[in-house]
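Undergrad: Each chain, written out:
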Amino acid sequence: MDERSSDPPTRRLVLFTAAGLGLAPFAPPAAATPAAMDEAIRMLVGKATVKRGRVKLELPPIVENGNTVPLTVTVDSPMSETDHVTDIHVFNEKNPQPYVAAFDLGPRAGKAVVSTRIRLADSQQVVAIARLSDGSFWSDSADVIVTLAACAEG
Amino acid sequence: MARVLINLPARAKRGEIIEIKTLIAHPMETGYRLGPTGAAIPRDIINRFLCTYNGEEVFRAELFPAIAANPFITFFTVATESGEIVFSWTDDHGETQTEVRQITVE
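From first to last, the protein sequence lines stand for chains A and B. Mapping to this note's numbering: the first sequence position 91 is 199, numbers consecutive. Mapping to this note's numbering: the second sequence position 77 is 63, numbers consecutive.
Derived from the structure by calculation, the hints contain no laboratory data. Bear in mind that the values here come from a model prediction, so they are computed numbers and not experimental data. Virtual Cβ for every residue (Gly too), placed ideally from N, Cα, C. Hints may contain errors.
[What the hints assert, rightly or not] Have a look at the derived ranges for each label pair, beta carbon to beta carbon: (1) A:Ser188 x B:Arg(-11): 13 to 23 angstroms; (2) A:Ile253 x B:Arg(-11): 40 to 50 angstroms; (3) B:Glu43 x A:Thr157: 38 to 48 angstroms; (4) A:Ile253 x B:Val72: 35 to 45 angstroms; (5) B:Ile(-8) x A:Ala143: 34 to 44 angstroms; (6) A:Glu147 x B:Val86: 38 to 48 angstroms; (7) A:Ser244 x B:Arg(-11): 36 to 46 angstroms; (8) B:Thr90 x A:Pro168: 34 to 44 angstroms; (9) B:Glu67 x A:Asp146: 17 to 27 angstroms; (10) B:Glu70 x A:Lys155: 12 to 22 angstroms; (11) A:Arg160 x B:Gly41: 35 to 45 angstroms; (12) A:Asp146 x B:Gly1: 35 to 45 angstroms.
[Said to hold, decoys possible] Not close to chain B: a few residues of chain A, all C-beta gaps over 10 angstroms, as computed: (13) Lys155; (14) Val158; (15) Pro169; (16) Asp212; (17) Ile226.
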């Protein structure tokens, strides 16, 4: 066995399991599903309800290159000792994995604003969820049209 | 050692909210791409980023393959006192790169 084939049994298992659940493995037509995203979100929030508002997710509405898409999440919060954002999570519908990133912050942040650059494998909806120090969850979503998908060069 | 760019003010007023921008050179190989032989290229990403201010954690990120190559992260922190701001990135092999920047708070 060469190194490559001995290494990823877990990944293969994951992919097969994913396929069994109706999520195709990544291969060229890219593919987690909105259901996978919903499940990942449920894993995070548990039974809590996620309210819309307070969070602002900024993404360009049309992206030429899915390999690098600027993303900014802003949460309306005083960021005080008693009322602050504890973590921010970003999810997507159609990349191979529903998770994009998770950020932990606290009252020391001063301002609940985080930016990064992400990959998008297809035109899809991106969701940001923030957990506040009182345990409540808030979200925002953005639809992005991608003309050249990430990973397309395969 | 990967190349790193960190942008933060060298001086700040006490209590001022400062923006910190970080970038590290890294391919962020997703593990979903196929190589020339048709086999998947093994995943190799930076999966963790941590920022501490005089030893206290002020920001942490968990990254997934959906983060673009050369991960760029910006965030804010309150300039509380002069001292060291330490940044560390950890990849899939468990290797950590650490950078230190000084800040003067007056």
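Undergrad: Could you work out which earlier hints the structure fails to respect and list their numbers in ascending sequence?
TA: Numbers 1, 2, 3, 9, 10, 16 and 17, in rising order.
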